[in-house]
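J.: These protein sequence lines are chains A and B, in that order. The opening position of the first sequence corresponds to residue 1 in the working numbering, with each subsequent residue numbered one higher. The opening position of the second sequence corresponds to residue 243 in the working numbering, with each subsequent residue numbered one higher.
Hints are computed from structural coordinates only; laboratory data are not their basis. Watch out, some of these pointers could steer you wrong.
Stated by the list, open to error - Label-pair ranges, simulated between beta-carbon atoms:
no.: 1; chain 1: A; residue 1: 81; chain 2: B; residue 2: 267; range: 31 to 37 Å
no.: 2; chain 1: A; residue 1: 145; chain 2: B; residue 2: 283; range: 20 to 26 Å
no.: 3; chain 1: B; residue 1: 284; chain 2: A; residue 2: 101; range: 32 to 38 Å
no.: 4; chain 1: A; residue 1: 49; chain 2: B; residue 2: 283; range: 35 to 41 Å
no.: 5; chain 1: A; residue 1: 30; chain 2: B; residue 2: 256; range: 35 to 41 Å
no.: 6; chain 1: B; residue 1: 273; chain 2: A; residue 2: 160; range: 34 to 40 Å
no.: 7; chain 1: A; residue 1: 98; chain 2: B; residue 2: 278; range: 40 to 46 Å
As the list claims (entries may be wrong) - Reference listing, derived: stretches of chain A covered by chain B, where coverage requires no fewer than 3 residues with Cβ under 8 Å from a Cβ of chain B:
no.: 8; segment: 65 to 78
no.: 9; segment: 182 to 191
Glycine is no exception: its CB is placed at the ideal position from the N, C-alpha and C atoms.
Listed here are the chains, written in short residue letters.
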Amino acid sequence: MKRVLSVAHSPDPDDAFMFYGIVKGGVLPDGWRVKHVLKDIQSLNRDARKGLYEVTAVSTAAFPSIARKYWILSVGASVGRGYGPVLVCRPENRKAFASKNWAGLRIATPGPETTALLLLRLAHPEFVSVDTRFDKIPDVVRRGRADAGLVIHESQMTFAKQGLVKVMDLGRWWHNRTGLPIPLGLDVVRKDMGRVEARRMAGLLKKAFNSPIATKTRRCAMPLVLAVAWTQPWANGLSKCR
Amino acid sequence: MNRDTLDLGDEGERALRTLFRLAWARRLISINPDFEIVRPAVSG
């Protein structure tokens, strides 16, 4: 009987690329079968509190609430160096954010436990957060249902096409304040796997993350082009060239 | 994906501790967690 390993990540190209080797086979040893779960990051944060998956992506901001159940893996983190979640608004609203007082301003955010929201609260404690699914945020702002929106994933690169302008980049703000990169997301492993298995899992994930880009140097069955194609359904308006 | 994805490293760990400390000081998170980072076994 095969051992089932539950692996969960969000439906975005970065995660899909990273987990390609695990999900499509070729990295896990014989005798293992993957249960692959795709959910938005806020749902993954909630599921992690229940300890549903052995390996899961979570927001860094959600880690304190799951620290008793999970260890952080050294591999798989999503880290911004001088860039990060971007606060965007319609051009006519930009003046409202020039003031230090944001009390009463409504900002569409990707969820209460996301690192993006935590960073924005650190930078500007006073505003009204409007929970919004991450891929709907640009549209919510464009339609005037929020004064601004906190965009993550591909929308960080595509918001201008929707007529929105940048208010601030929280990755840059964080770097200016601390001189450090910002760990936005983490991969974590459930503690009940035990340390030995957890370390083994870290090794397998590292191998999986390397595998799509190592086809020539390692005898690996997963060419880069297949891994990139695998990510496209979640690319949200990005072309393959980006 | 960048080098941090393959290894969070000491700087990444410092960034985590800084983020949790600042967030905890403002009571934006429930605890300032004492965490451990699991790295691949040497043979991994």
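J.: Taking the hints in turn, state whether each one holds.
T.: So, going through the hints one by one against the coordinates:
no. : hint                      : verdict
1   : A:81 - B:267: 31 to 37 Å  : violated (24 Å)
2   : A:145 - B:283: 20 to 26 Å : violated (50 Å)
3   : B:284 - A:101: 32 to 38 Å : violated (53 Å)
4   : A:49 - B:283: 35 to 41 Å  : violated (28 Å)
5   : A:30 - B:256: 35 to 41 Å  : holds (39 Å)
6   : B:273 - A:160: 34 to 40 Å : holds (39 Å)
7   : A:98 - B:278: 40 to 46 Å  : holds (43 Å)
8   : 65 to 78                  : holds (count 10)
9   : 182 to 191                : holds (count 3)
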